[in-house]
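Student: Going line by line, the protein sequences match chains A and B.
All residue numbers for the first sequence refer to this note's numbering, where the first residue is 1 and numbers rise by one.
All residue numbers for the second sequence refer to this note's numbering, where the first residue is 317 and numbers rise by one.
I should point out that these hints are in silico values taken from the structure, not numbers from a laboratory.
Wrong hints could be hidden among the right ones.
Restraint-style ranges between C-beta atoms, simulated for each label pair [claimed, not checked]:
id	chain 1	residue 1	chain 2	residue 2	range
1	B	I349	A	I140	28 to 38 Å
2	B	E327	A	M105	27 to 37 Å
3	A	T78	B	I349	42 to 52 Å
4	B	I349	A	T310	10 to 20 Å
5	A	Y301	B	E358	17 to 27 Å
6	A	E291	B	E360	32 to 42 Å
Partner residues aside, some chain B positions facing chain A, computed with beta carbon under 7 Å [claimed, not checked]:
id	residue
7	I320
8	V361
9	A367
By construction, the Cβ of each residue, glycine as well, lies at the ideal position given by its N, Cα and C atoms.
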Amino acid sequence: MWALEIMIQTKEWDLKKLLFQIFVNNRAVKFIGHPAMGVFVPPLIGLYYGTLDIWGDEWGWIKNNRDVHELIFTILATLTILILFFKAISEAARGEVEKQYSKLMESMILFFNTLVKKKRDRFFNKAKHLTPTGDTFKAITQPKDQLEHVVDGTKTFLVNGFGIDPKNIGITIIQGCPQQDKWWYELKCDAQKQHTKAKVLMSGKSTAAYCFESGDSIFIPDIRKGIKEEVFFSSERSEKTGVGSIFCKPVRITVGKLEYVYIFTVAVFGQNLCLPYDEEECRACEKILDEIADRVELELYLDSIKQYRTNGGIAA
Amino acid sequence: MRKILISQKGEFKKQGELNYYRSTAVKKIAEAIKDKESTDEETEVVVSNKALRQTRR
């Protein structure tokens, strides 16, 4: 039964992909849709039809070759109808993609802009109260505040851009002291929600543990694949929802002689961020998540430097 | 390095909700980001744990 379900789902996806290839994403349609064709071809065909209509009974090259012109007329008329049909579907599909693209782009720009705005506003407000002998770094650098903002912004981006249900999103930053085997949540996007204990995750076969050990970031578009390959820790939530996606990025920062370790995680439960077997889409999705993670990494640098200063160069 | 652990077609019985238009838009956005970056870090796509472990640093 489930094999049939997969076949239907796969077929539906493949059919959409095929239709998209036929009507939108191929050279012939792009050629037909080229602006130069729109300017050049219709007047030319119009001129030919007009000539047949007005001068058809008088001009020898028309009236003496009626059969040939009938054939040309039929071919041109058929092609015109076909091209109009293709163009109508192509424009409709392209419009839908453009709508999604604008939505994603707007969400992304909003995400980056609000990060800059937040920082700019803080600098603007703090600058007024700075003194020449005061601790400027402490006054203007608020990485925790900024990190909370990045995490909230990421959630908003996923909701608006990817259409993910807010209750399905889990974004966390785990911090740790590997030498002492101490791990804790530095930040959670939803503090009310129960998360698997950081230490349990880091000592088990979890995505975060894999990232920490390998030093690589990882994107798993389908958490079931992660469970199967033993790089995802199955929690009560993930078991209940079944499908989902996860992205993890490790950040190791050395300040003085101390090393600060963080694991940034974006998890989506109950929905997939992308089609788990479409390599091109997975790469695209991962690229976007990596861009977000870069902003988080930047704030984590400041966070570690601030922690180093606050604790007087002693591990947290 | 950045890794992606993708699934194989038909590997799991149920798929999440899919949107082909969004998928195309996501690819377009990623293309736009890539175009602006000359030093894009390498991304490796793998399909198994064995491959994940093999390429570890």
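Student: Each hint should be assessed against the structure and marked as holding or not.
Tutor: Right, here's what the structure says about each hint:
For the pair B:I349 and A:I140, the supplied restraint of 28 to 38 Å holds, since their beta-carbon distance comes to about 29 Å. Distance hint check: the CB atoms of B:E327 and A:M105 are about 32 Å apart, consistent with the given range 27 to 37 Å. The beta-carbon spacing between A:T78 and B:I349, approximately 43 Å, falls within the hinted interval of 42 to 52 Å. Restraint check, B:I349 to A:T310: a C-beta distance of roughly 35 Å breaks the suggested window 10 to 20 Å.
For A:Y301 and B:E358, the hinted distance range of 17 to 27 Å is satisfied, since their beta carbons lie about 23 Å from each other. The given range of 32 to 42 Å is broken by A:E291 and B:E360, whose C-beta atoms sit roughly 18 Å from each other. The criterion of a C-beta within 7 Å of any C-beta in chain A is met by B:I320, whose closest approach is roughly 5 Å, and the hint holds. Residue-level restraint check for B:V361 holds (minimum Cβ-Cβ distance to chain A is 6 Å; threshold 7 Å).
For B:A367, the interface hint is violated, since its Cβ never comes within 7 Å of a Cβ in chain A; the closest pair sits about 9 Å apart.
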